[in-house]
Amino acid sequence: MAILLASSTPPVPSTFSGGAEAIALVVLLTEFAMFRAPLSRSQIRLYGFQSLAVSALAILVAATQHVPELYALAGLSFILKVLLVPGIMLRLLKDAQIDLAASNRLGVASMVLLAIAASVFGFFVVGRLPVHAHVLPAPALGLAAAEILVAFLLVILRADVVSQAVGFFSLENGVSVASLVVASGLPLILEVAFLFDLLVAVVVFGVLIRVHHGRTRTLSTDTLDRLRG
Amino acid sequence: MGWDLLVLTVVPFVVSITCWWAPVTLGRLLSLASGVLSFALALLLVPAKTTTAAAGWLRVDALSVVFLVAVTFLYAATTIFSIGYVRPGGASEANARYNRRFFAGLNLFAWSMAMAPMVNGLALLWVAIEVTTVVSALLVAIDDTDGAAEAAWKYVLIASMGLGIALLGTVIMYYAGTSVFGTGYELFYPKLLGAAGRFPAGVVRLSFVLAVLGYGTKMGLVPVHTWLPDAHSEAPTPVSALLSGSLLAVSFYAILRFYQISVRAIGPTFPRDVLLAFGIASLGLAALYLASQRDLKRLFAYSSVEHMGVLAIGMSFSAPIAVVGVLLHVLAHAAAKGTAFFGAGSMVSKFGTKEMTRLRGGVGGLPWSGPMLVLAVLGLCALPPFGIFRSEFLIVSGGLRDPHDAVAAVLIVLVTLATLGLTWFSSQTLLTPTPDGVLRKETSGWIVCSMVIGLGALALLGVHPPAQLSDLLTRAAHELRGVS
Numbered sequence: 227m228a229i230l231l232a233s234s235t236p237p238v239p240s241t242f243s244g245g246a247e248a249i250a251l252v253v254l255l256t257e258f259a260m261f262r263a264p265l266s267r268s269q270i271r272l273y274g275f276q277s278l279a280v281s282a283l284a285i286l287v288a289a290t291q292h293v294p295e296l297y298a299l300a301g302l303s304f305i306l307k308v309l310l311v312p313g314i315m316l317r318l319l320k321d322a323q324i325d326l327a328a329s330n331r332l333g334v335a336s337m338v339l340l341a342i343a344a345s346v347f348g349f350f351v352v353g354r355l356p357v358h359a360h361v362l363p364a365p366a367l368g369l370a371a372a373e374i375l376v377a378f379l380l381v382i383l384r385a386d387v388v389s390q391a392v393g394f395f396s397l398e399n400g401v402s403v404a405s406l407v408v409a410s411g412l413p414l415i416l417e418v419a420f421l422f423d424l425l426v427a428v429v430v431f432g433v434l435i436r437v438h439h440g441r442t443r444t445l446s447t448d449t450l451d452r453l454r455g
Numbered sequence: 280m281g282w283d284l285l286v287l288t289v290v291p292f293v294v295s296i297t298c299w300w301a302p303v304t305l306g307r308l309l310s311l312a313s314g315v316l317s318f319a320l321a322l323l324l325v326p327a328k329t330t331t332a333a334a335g336w337l338r339v340d341a342l343s344v345v346f347l348v349a350v351t352f353l354y355a356a357t358t359i360f361s362i363g364y365v366r367p368g369g370a371s372e373a374n375a376r377y378n379r380r381f382f383a384g385l386n387l388f389a390w391s392m393a394m395a396p397m398v399n400g401l402a403l404l405w406v407a408i409e410v411t412t413v414v415s416a417l418l419v420a421i422d423d424t425d426g427a428a429e430a431a432w433k434y435v436l437i438a439s440m441g442l443g444i445a446l447l448g449t450v451i452m453y454y455a456g457t458s459v460f461g462t463g464y465e466l467f468y469p470k471l472l473g474a475a476g477r478f479p480a481g482v483v484r485l486s487f488v489l490a491v492l493g494y495g496t497k498m499g500l501v502p503v504h505t506w507l508p509d510a511h512s513e514a515p516t517p518v519s520a521l522l523s524g525s526l527l528a529v530s531f532y533a534i535l536r537f538y539q540i541s542v543r544a545i546g547p548t549f550p551r552d553v554l555l556a557f558g559i560a561s562l563g564l565a566a567l568y569l570a571s572q573r574d575l576k577r578l579f580a581y582s583s584v585e586h587m588g589v590l591a592i593g594m595s596f597s598a599p600i601a602v603v604g605v606l607l608h609v610l611a612h613a614a615a616k617g618t619a620f621f622g623a624g625s626m627v628s629k630f631g632t633k634e635m636t637r638l639r640g641g642v643g644g645l646p647w648s649g650p651m652l653v654l655a656v657l658g659l660c661a662l663p664p665f666g667i668f669r670s671e672f673l674i675v676s677g678g679l680r681d682p683h684d685a686v687a688a689v690l691i692v693l694v695t696l697a698t699l700g701l702t703w704f705s706s707q708t709l710l711t712p713t714p715d716g717v718l719r720k721e722t723s724g725w726i727v728c729s730m731v732i733g734l735g736a737l738a739l740l741g742v743h744p745p746a747q748l749s750d751l752l753t754r755a756a757h758e759l760r761g762v763s
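Residue numbers (the working numbering), protein chains in the order written: chain A, 227 to 455; chain B, 280 to 763.
Here are the in silico distance ranges between beta carbons for each label pair:
1) B:P502 <-> A:P294: 42 to 50 Å
2) B:L567 <-> A:R331: 22 to 30 Å
3) B:I296 <-> A:L255: 41 to 49 Å
4) A:L251 <-> B:D750: 50 to 58 Å
5) B:L699 <-> A:R454: 20 to 28 Å
6) B:E372 <-> A:R317: 23 to 31 Å
7) A:S268 <-> B:N374: 38 to 46 Å
8) A:P294 <-> B:W300: 37 to 45 Å
Incomplete in silico selection of chain A near chain B, CB under 7 Å:
9) L355
10) A404
11) V408
12) A409
13) G411
14) A427
15) V430
16) V437
17) H438
18) R441
19) L450
Because the hints were derived from the structure by calculation, they are not lab data.
Remember, it's a predicted structure, so these values are computed and weren't measured experimentally.
Built from N, CA and C at the ideal position, the CB exists for glycine as well.
Here chain A stands alone, though its shape is the one from the complex:
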């Protein structure tokens, strides 16, 4: 009887896997909220919130998997992705003096449906992949994959440079979730190098957004269609 009960009862999720899955879900839902966000400013704030969730995941992994270096990573990630990057992007919008309504290539409902389809695809494909381990919460990795695919959709379906840049930053958040879940022991120096790289990329995105706005007086990408063939 005891054996029967043990085999039929699903295992109770650990604090790590339960927390990681919940946070990964928050990250994905924030991505969906970006599709719904009417203004670029709100999109950037959502990115800041999403990054906050990723920093929280780093703290959770540090505490439950006993990887103290991740506390430092969580701190750096907070400073960079929650404060600096959104700050730089909001400053750019302020300088451009455009209170931009994000430009959708499709209606919000169609975009969200596409994003749901992409999420389902990413989630179940990763579920079928042979990436499994005792400590690994497989659903969290599936959610990270879904988040990366939805970030791609965000870049494709939005026709303004700010949304596209935020889409790329969100993709990086998805990779961060995957990295925390499957490679929490990645040396701190490399994690810091990745974050520094992100900072440099943000600066370059900012410079190019300024150049684009300076030339066209708009943040729309509709004018970026001269080069073809």
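Given chain A, work out where chain B should sit, using these hints.
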């Protein structure tokens, strides 16, 4: 020998910073000296087996040296070309500012590309390649035209998304290693290669596909190549030469490092099949697009997609001679494409346009660089006696020994198709009568000098590659295939 790795790590970076502040003439001369010194140091590494420095964070083996030679050769040649192409501009402050920014960016770009084959490990490799993206995106935009701004935006966005996927591939490979090393370890090559045989096969497969897709974006593999023609055509010509001859090669190097690990973990069949699919798609699409170009630099950009396809297909062949051919192709393509872009820059300087319908009589108007551009195009078309003839000959020979020898036939057909497009449009531009009023005169001796060097290297690789270089290529091919 570790000291030369340290010098290579420091000098171009310091020169880049110096160029930002120093007087224009000093910056130009320092850039030239840095390029030549870097190439000389890379050549010193050719006979060495493995060299390490900085507590193992820097490490070059034969495979790294092949790519380091390609990068530093083009760095040196491009600085010579740039001195002729980018005018100092006298007392104009705007021109001086452009010169400072350009040479600072050029040196930083070359530095980041040289770092990629020198760093030890997949994670640092990703960091180096990401740095190449951000620096080169700014260089693409430096001319501040509508086209340059558009090309730079598309480039930085698409390449960064691709590198996001490559980072995921790196993380997954790290995860594969945890089954052997536990949760915390460094991603150094010798460690990964030594234990790759015990990595879980499915995880390695996933990592390899993500790496090819991610780094393939930077390498210009179809269907993730869309940034490439725009960036190559709109960037200043010296940057186009470096993008095409060096940057694509460095991205290919990253794929080869994943290939090297994957072959040991899961055997050669799966990695070869993946590269074959991307290679055929790239070569096929480039062959079609080469037949419909109207912009000279865009023509050479699609030629780069074609040659990246040849590299990917070459790696799909099982014969060792094909792998040697692939590595020789990396060097020959750097020399040929550099020379071709230098020639295109000379044409653009002379006629003030890139549009081939308005470019006429290149050979008549440019007594040295015109004929040399014709030779460079013939070199790109794999005609003897140039290096690409030898490398493609080796690749096809390897392909004909492969069980799937039909792929070699497809390769020959598609390369021939690409050759037709390239030669037809180039001859329309170069071998037609010179318009009235165009003086038969070069725009700069520095440009001619850079083309002589590029063409000389291309001929040397074709006629008689130095014995030490041949030995290097053989050792690198053995490293790739897992034969000691």
